[in-house]
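Let the hints inform the model, and build the full structure from the sequences given.
Chains A and B, in that order, are what the protein sequence lines are. The numbering of the first sequence is the working numbering, which starts it at 1 and goes up by one. The numbering of the second sequence is the working numbering, which starts it at 1001 and goes up by one.
Source of the hints: derived by calculation from the structure; they are not laboratory data. Do not rely on the hints blindly, as some may be mistaken.
SDA-like, lysine to any residue: derived pairs with alpha carbons at most 20 Å apart [claimed, not checked]: (1) K176/A <-> S208/A; (2) K219/A <-> R1069/B; (3) K217/A <-> P166/A; (4) K141/A <-> K176/A; (5) K1041/B <-> H58/A; (6) K60/A <-> S1043/B; (7) K13/A <-> S57/A; (8) K78/A <-> G144/A; (9) K60/A <-> I44/A; (10) K1041/B <-> R41/A; (11) K78/A <-> R48/A; (12) K1041/B <-> P50/A; (13) K176/A <-> E1144/B; (14) K1059/B <-> A204/A; (15) K60/A <-> E211/A; (16) K176/A <-> N214/A; (17) K172/A <-> S1072/B; (18) K111/A <-> F151/A; (19) K66/A <-> A1089/B; (20) K141/A <-> Y1053/B.
Just so we're clear, the structure is a prediction, and the values are computed from it rather than from any experiment.
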Amino acid sequence: MCDIGDIVLPGDKIDNFVQSKGKVLLGPGLQRDGEEVIAVRPGIFKYREPNIYWIESHQKRYVPSKDEDVIGVVTNAKGELFKVDIGSSEQASLSYLNFEGATKRNRPDVKNGDLVYAKLSIADKHAECELTCVDRDGKSKGKGCLPDGGFMFQVPLHLAHKLRHPDCPLLKYIGKETAMEVIAAMNGRVWIKSRSARETIAIANAISAAEFLNYDKMKDFVDNFMNELYLGSS
Amino acid sequence: MKRTADEENSDDDNSKALIDDEHWVLDLPDLLERNSRYVIKDSMLSCDVLSSYGRMSFKGFNPEIERLRNESETQEVEEQYDSEDVEFAESMTSLSSNLKKKFEKTRRRKKKEETVSNENSDNNTNSPQVVKKKKKKKFLKPKE
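Okay, here's the thing in structure tokens:
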């Protein structure tokens, strides 16, 4: 027996669903064993309307899943398929045609070591993942090669999820203080670009330090951080 | 590129075992899947409320990204309002008046339009334009 918000351990049986009838959606950390549901990860048992359950755990390893957007490092930009490291157990492949405006003649300008922001079009446990930088209309919508001068670092997956949560005000507060561009990808990689290296480092530190921060404490936290940054520079 | 688009349309339901070039699955009857009330999703995107788009720009650092973000947000708002009954009813009333016009007899409709345009010409200052519109078109001999 465990309630919503409780800490569960692998092997714990979960049987107190809010609705006793209807479909139940089990997210990461929960598995079905016959007609029983058991936890397979240690973490916090979470629930969302109407009938969605999952376990939020501390995790750094990325397991690819379809339609998630990731930041990858191009490791082999030769041939028709680029090899991209997205932080998973295996490298993903990215066709040179899956860029905006790319044709067989017009090859995108991608070199080894470039960063790409892409979406997983095929994710499978047993086969190589495939990436794409365009949506079904052929538009990039912000995906593609990332410009020079940015900074990428790895954070735990739950922090990347937190940054993308609509209620999380951290990036909004930082964005009020300084001009910047940020990507929080689902594979736990965060990419920042701002006006100066000094600011970029400060923002990166602020994001890393906000891992266990509550939403209501974020305003003071960001104020302190930015005060130190600007007082130090003057 | 077309193939991937088709795939996206077709396999919305991940729980089904699909067999195609990329996904090979043993073609056995799914004893466990049958009649189960549990649906397994391995992506956090389908569980927690996360914005499906992770790229953000602040204070005009990258105007293109901010434009994309605003567009997607307004689209979401529009989608919410589109389904509202009031708006649907309003759009239907205008449509019904248009259709009513179509089924009215032509002479009566003409009369009605005349009266309306007369009223308009009384009110508006640009009456000559209205009169001009009403003039019957005649065949014009081409000039040589």
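Now the hints, each set against the structure:
1. A hinted pair counts as satisfied when its Cα atoms are at most 20 Å apart, and K176/A with S208/A qualifies at roughly 19 Å.
2. As the CA atoms of K219/A and R1069/B are separated by approximately 23 Å, the hinted pair breaks the 20 Å bound.
3. Using a Cα cut-off of 20 Å, the hinted pair K217/A and P166/A holds, with the two alpha carbons roughly 16 Å apart.
4. In summary, the hint linking K141/A to K176/A is not supported, as the alpha carbons are separated by about 24 Å, beyond the 20 Å threshold.
5. A distance of roughly 18 Å separates the Cα atoms of K1041/B and H58/A; the hinted pair therefore holds under the 20 Å criterion.
6. Our distance criterion of 20 Å between C-alpha atoms is met by K60/A and S1043/B, whose separation comes to about 15 Å.
7. Among the hinted pairs, K13/A with S57/A is consistent with the structure: their alpha-carbon atoms are about 17 Å apart, no more than 20 Å.
8. A C-alpha spacing of about 17 Å is found between K78/A and G144/A, which places the hinted pair at or below 20 Å, so the restraint holds.
9. With a C-alpha separation of about 16 Å, the suggested pairing of K60/A with I44/A holds against the 20 Å cut-off.
10. Only pairs whose Cα atoms come within 20 Å are accepted, and K1041/B paired with R41/A is accepted, the gap being roughly 15 Å.
11. With a CA separation close to 45 Å, the supplied pair K78/A and R48/A exceeds the 20 Å bound.
12. Proximity of K1041/B to P50/A is assessed by CA-CA distance (about 15 Å); at most 20 Å being required, the pair is judged to hold.
13. Distance hint between K176/A and E1144/B is unfulfilled; the C-alpha atoms sit about 72 Å from each other, more than 20 Å.
14. For a cut-off of 20 Å, the pair hint linking K1059/B to A204/A stands: about 18 Å separates their Cα positions.
15. Proposed proximity of K60/A and E211/A is supported: the alpha carbons are some 13 Å apart, at most 20 Å.
16. Taken as a hint, the K176/A and N214/A pair is honoured in the structure, with Cα atoms around 19 Å apart against an allowance of 20 Å.
17. For the suggested pair K172/A and S1072/B, the alpha carbons sit about 17 Å apart, so the restraint of at most 20 Å is met.
18. Between the alpha carbons of K111/A and F151/A the distance comes to roughly 17 Å, so the proposed pair stays at or under 20 Å and holds.
19. At most 20 Å may separate the alpha-carbon atoms for a hinted pair to count; K66/A and A1089/B exceed this at roughly 39 Å.
20. Distance hint between K141/A and Y1053/B is fulfilled; the C-alpha atoms sit about 9 Å from each other, no more than 20 Å.
The structure shown violates the earlier hints numbered 2, 4, 11, 13, 19.
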